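Protein chains: 2
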Amino acid sequence: MLNAVGREIPEEILKETGKQPYQGAFHFDSVEYKKDAPKTRPVIDPKKSKLLSNIHEALVKCGIKDGMTISFHHHFREGDKIVNMVMDEIHAMGIKNLTICASSLGKQNNPIVPYIEDGTITSIQSSGVRGGIGEAISNGKLKGLAIMRSHGGRVRAIESGEVHIDIAFIGASSSDDYGNLSGMRGKANCGVLSYAAVDAEYADNVVAITDCLVPFPNYPAQISMTNVDYVVEVDSIGDPEKIATGAAKPTKDMRKLLMAEYCTQVVANTPWFKDGFSYQTGVGGASIASTISLAKIMREKGIKMGFGLGGLTKPMCELLNEGLVGKLFDTQDFDMDAIENVNHPEHYYITAGEYADPFNKGAFVNKLDYVILAALEVDVHFNCNVVVGSDGMITGAQGGHPDTAAGAKCTIVIAPLLQGRIPAICSDVTTVTTPGESVDVVVTDYGIAINPKRQDIIDALKDTNLPIKSIEELRDIAYSITGEPNKVQFEDRVVGIIEARDGSVMDVVRQVKPFEFG
Amino acid sequence: MLNAVGREIPEEILKETGKQPYQGAFHFDSVEYKKDAPKTRPVIDPKKSKLLSNIHEALVKCGIKDGMTISFHHHFREGDKIVNMVMDEIHAMGIKNLTICASSLGKQNNPIVPYIEDGTITSIQSSGVRGGIGEAISNGKLKGLAIMRSHGGRVRAIESGEVHIDIAFIGASSSDDYGNLSGMRGKANCGVLSYAAVDAEYADNVVAITDCLVPFPNYPAQISMTNVDYVVEVDSIGDPEKIATGAAKPTKDMRKLLMAEYCTQVVANTPWFKDGFSYQTGVGGASIASTISLAKIMREKGIKMGFGLGGLTKPMCELLNEGLVGKLFDTQDFDMDAIENVNHPEHYYITAGEYADPFNKGAFVNKLDYVILAALEVDVHFNCNVVVGSDGMITGAQGGHPDTAAGAKCTIVIAPLLQGRIPAICSDVTTVTTPGESVDVVVTDYGIAINPKRQDIIDALKDTNLPIKSIEELRDIAYSITGEPNKVQFEDRVVGIIEARDGSVMDVVRQVKPFEFG
Chain A
12 MLNAVGREIP EEILKETGKQ PYQGAFHFDS VEYKKDAPKT RPVIDPKKSK
62 LLSNIHEALV KCGIKDGMTI SFHHHFREGD KIVNMVMDEI HAMGIKNLTI
112 CASSLGKQNN PIVPYIEDGT ITSIQSSGVR GGIGEAISNG KLKGLAIMRS
162 HGGRVRAIES GEVHIDIAFI GASSSDDYGN LSGMRGKANC GVLSYAAVDA
212 EYADNVVAIT DCLVPFPNYP AQISMTNVDY VVEVDSIGDP EKIATGAAKP
262 TKDMRKLLMA EYCTQVVANT PWFKDGFSYQ TGVGGASIAS TISLAKIMRE
312 KGIKMGFGLG GLTKPMCELL NEGLVGKLFD TQDFDMDAIE NVNHPEHYYI
362 TAGEYADPFN KGAFVNKLDY VILAALEVDV HFNCNVVVGS DGMITGAQGG
412 HPDTAAGAKC TIVIAPLLQG RIPAICSDVT TVTTPGESVD VVVTDYGIAI
462 NPKRQDIIDA LKDTNLPIKS IEELRDIAYS ITGEPNKVQF EDRVVGIIEA
512 RDGSVMDVVR QVKPFEFG
Chain B
12 MLNAVGREIP EEILKETGKQ PYQGAFHFDS VEYKKDAPKT RPVIDPKKSK
62 LLSNIHEALV KCGIKDGMTI SFHHHFREGD KIVNMVMDEI HAMGIKNLTI
112 CASSLGKQNN PIVPYIEDGT ITSIQSSGVR GGIGEAISNG KLKGLAIMRS
162 HGGRVRAIES GEVHIDIAFI GASSSDDYGN LSGMRGKANC GVLSYAAVDA
212 EYADNVVAIT DCLVPFPNYP AQISMTNVDY VVEVDSIGDP EKIATGAAKP
262 TKDMRKLLMA EYCTQVVANT PWFKDGFSYQ TGVGGASIAS TISLAKIMRE
312 KGIKMGFGLG GLTKPMCELL NEGLVGKLFD TQDFDMDAIE NVNHPEHYYI
362 TAGEYADPFN KGAFVNKLDY VILAALEVDV HFNCNVVVGS DGMITGAQGG
412 HPDTAAGAKC TIVIAPLLQG RIPAICSDVT TVTTPGESVD VVVTDYGIAI
462 NPKRQDIIDA LKDTNLPIKS IEELRDIAYS ITGEPNKVQF EDRVVGIIEA
512 RDGSVMDVVR QVKPFEFG
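Those sequence lines, one after another, are chains A and B.
Residue numbers for the first sequence follow the numbering used here, so the first one is 12 and each next one is one higher.
Residue numbers for the second sequence follow the numbering used here, so the first one is 12 and each next one is one higher.
Keep in mind the hints are simulated off the structure, nothing from the lab.
A quick note: this is a predicted structure, and the numbers were derived from the prediction, not measured.
Be aware that one or more of the hints could be misleading.
As the list claims (entries may be wrong) - Lysine to aspartate or glutamate pairs mimicking EDC-like chemistry, simulated, CA-CA at most 20 Å apart:
no., chain 1, residue 1, chain 2, residue 2
1, A, 61, B, 173
2, B, 50, B, 173
3, B, 58, A, 43
4, B, 338, B, 348
5, B, 58, A, 495
6, B, 46, A, 47
7, B, 50, A, 19
8, A, 72, B, 43
To be verified - One-sided and incomplete, this derived list gives chain B residues near chain A with beta-carbon spacing under 7 Å:
no., residue
9, 24
10, 26
11, 175
12, 227
Using N, Cα and C, we set each Cβ at its ideal position, and we do this for glycine too.
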């Protein structure tokens, strides 16, 4: 069946998953549903302790068994030790057929690839699966389907009961004996625990794992003791140096600086750029450069940002410190400066649900004026791909891309026209991850394209000196340089689903074909 | 059937309500249940507004109809205008057979008594029903049963699905257009919105009513936009002067000062009084006096309180300002000083669930060392009555009494031996609201009784000069002064249930018999 972005979604996938094809960004707006709910064991007797001696004991207490769904969060990023630690123990116990529902997985989790191959893990649900896990999935090693969800979509999936978590494992930089958890005040601080909040609320069993047990009450708590069953203390939950590896240094790449300047000019010349505007940007070099160049214009014009949102980096936090931003709402910290800035009184921890969930009564993304995003590929329908590489391999993550794109009044995607020898602007993206209807402006180093449905933006920018082109013109320039690339070849087998934030199917990912010498 | 506090619970009441008789404070500990969940209409489209022009429009949008359950919170106390405002509109629409599920109701709600009499309201669930509503219930005017719940018990009832709220009305001192709510930053500040948090989470429809609409985002938010459907702006939600009427002035009553001194000596001589201890006290004159006299000993001995909990008053906030308390956890503010103190960085808003819910994974009350409570009556089984007056009329509220009593390591109840000509220490309380098993020490102006099951406290106090007596001795002194009082006479009809915090039946309340001149 063709979905609203023109992708053919195989009937057997719709049948197997019970999903609908994607029908538009706001298709489920106001469509009533009943939320899921966890099973809970009350802790009434104050004499009971939640402290357990090790992860094995926690697994036993939670009744780990074949076929369960377990969950993790990825705030420790490349420094995370929790996933591997828990999976090693589960593997040693001989448990099979697990579904992992993680907020994201990365190359730090390469050690669990053998557990995919031996059937310990048979399904994976994640924002992305970079590194060895992505390769394993794309190579058809996972028995079941991989489901790639946005950050908001993951919250929706859990709260709607599409996935029900049996045991959630929450790495916490600090915890007291009753499970008040924080991403601060520990040995390995990750800043915030936003992605894990929904796990704490909806999982039947919640296990906190910490390497910094502090006296009760560990406040301010980001996750409440009222949702935590057990607390396990271990030697180390994360490598502090690798937690912050998302940090991009200010770029000196002229191409990125040019795109940043274009992006800033788009923002500065559109009607939402006024005192109190709201803004989110990513961690790419051009995104960060555009924050820095935007700040200059803000100072010149005396315009302050009302709030900044999302995964945060040093440049955004510096704007807060300077008083150029009123408030920051934080779901993830990409560098040490952002983590330390969590202590600023106007730097607020929010949950992933508050950030981006399409199925609650209105998330922060709905209140964004601007979001600056990156993409691996953008096509002439403005569809974006942020998950599947040009070799067909799963290598990226949806993150908050489709969430913020749907919510923001002006969604700007930055992509250099060519990624090496591969055109980033193309006729059809390999895989659709964010629908073109949610993308308003595409900024490349060869010019800027505005989505024709956004006549208001076209009008706002028509008297500027910006190099406005049609998206087809940008594609043609790219193809004129590299030639039109051959399509990546896939096997028939579907190995993964790109889930739209509302739970419908945006696209499927198929097994890669082994490269054949001609 | 006799329950665990020896009260006969009529079979027909158990049948009608599906409830069990009370079987002990920790009977349901670890007994797994599945939480309830609301129906939700997602707000995905960022162009949608939540602002409605008036309460009538909100009622229509929420589909108000006969038989629904609607809810309110009581943070505005005697200054509250929300309940009457909403009920007037509902009454004007001719809706009947409503259940009101309120965190509490008081004499400010006397104007809705006619709506009880005319069948607009046929069931009431509340912590207490002071004033005209209490009299109406005790006089048999309410068609259905009144259910009196503790603050923690109300959270349990809602989250377990025992009561499902169709429409929650949340008065908010400030709100933005998307429903981020706070008890601060408005014209009529109540401090915190703790009791309403569970309504926001579990009600199918959530309507915020505010008289102070502020720009987005209204942060820090105590209740999140993600749970709010509609926002209605009205002229005034509360009378600021009457919000703070719970405040007790430092007492000069020698009897209360004596009890305060006894209470302080009990605390100071029991083993939990050490650096980092936790403490909750009420708003009665003796409770407040005991906080003040305890502070003196804390200063002398260099002992600091780890945290203070509960409904807060000026004396507790002054301890925080002085640095004698590490943190305050706030569910309700009884005076203007406490409301202003919400801005202190170590004064934390918590939900009623975090405070006292027996059915989550561990509430703050479980971590209390000491709680100082008051009571209308205490009997020789240490059972307390805080709801039904000596005339048989419902006149009080459970509040957090049974929650804190069950949780604290040392529960101290202060009661003057005689309340006017009525003995407060008696053979059997009129109505059991807190079970004797949860009460450790009873302090009167004639002596102190320790629950015999607390040998540890008996040992701790045996070398002090405190006038330790048996509870029977105290009762006998009281009776020797007043004579043994005649029992209040009731009709057969059960008009209300005293629900234990776990949902079982602690006691029933019967219709009062009209006074007959002999």
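Going through the hints against the structure:
Between residue 61 (chain A) and residue 173 (chain B) the CA atoms are separated by roughly 27 Å; this puts the pair beyond 20 Å, and the hint is violated. Of the supplied pair hints, the one linking residue 50 (chain B) and residue 173 (chain B) holds, its CA atoms being roughly 16 Å apart against a limit of 20 Å. Under the criterion of a C-alpha separation no larger than 20 Å, the hint pairing residue 58 (chain B) with residue 43 (chain A) is consistent with the structure, at around 18 Å. Pair hint residue 338 (chain B) plus residue 348 (chain B) holds up; C-alpha atoms about 16 Å apart against a cutoff of 20 Å.
For the hint linking residue 58 (chain B) to residue 495 (chain A), the alpha-carbon distance of about 39 Å lies beyond 20 Å, and the restraint is violated. As the CA atoms of residue 46 (chain B) and residue 47 (chain A) are separated by approximately 9 Å, the hinted pair is consistent with the 20 Å bound. Among the hinted pairs, residue 50 (chain B) with residue 19 (chain A) is inconsistent with the structure: their alpha-carbon atoms are about 32 Å apart, more than 20 Å. Of the pairs offered as hints, the one joining residue 72 (chain A) and residue 43 (chain B) holds, with about 14 Å between alpha carbons and a cut-off of 20 Å not exceeded.
Interface restraint check for residue 24 (chain B): the shortest CB-CB distance to chain A comes to about 24 Å, outside 7 Å, so the restraint is violated. With its C-beta approaching chain A no nearer than about 25 Å, residue 26 (chain B) sits outside the 7 Å limit, and its interface hint is violated. Among the interface hints, the one on residue 175 (chain B) is violated; its C-beta lies about 11 Å from the nearest C-beta in chain A, farther than the 7 Å criterion. The beta carbon of residue 227 (chain B) is positioned within 7 Å of a beta carbon in chain A (closest approach about 6 Å), and the interface hint is therefore held.
In this structure, the hints that do not hold are numbers 1, 5, 7, 9, 10 and 11, in rising order.
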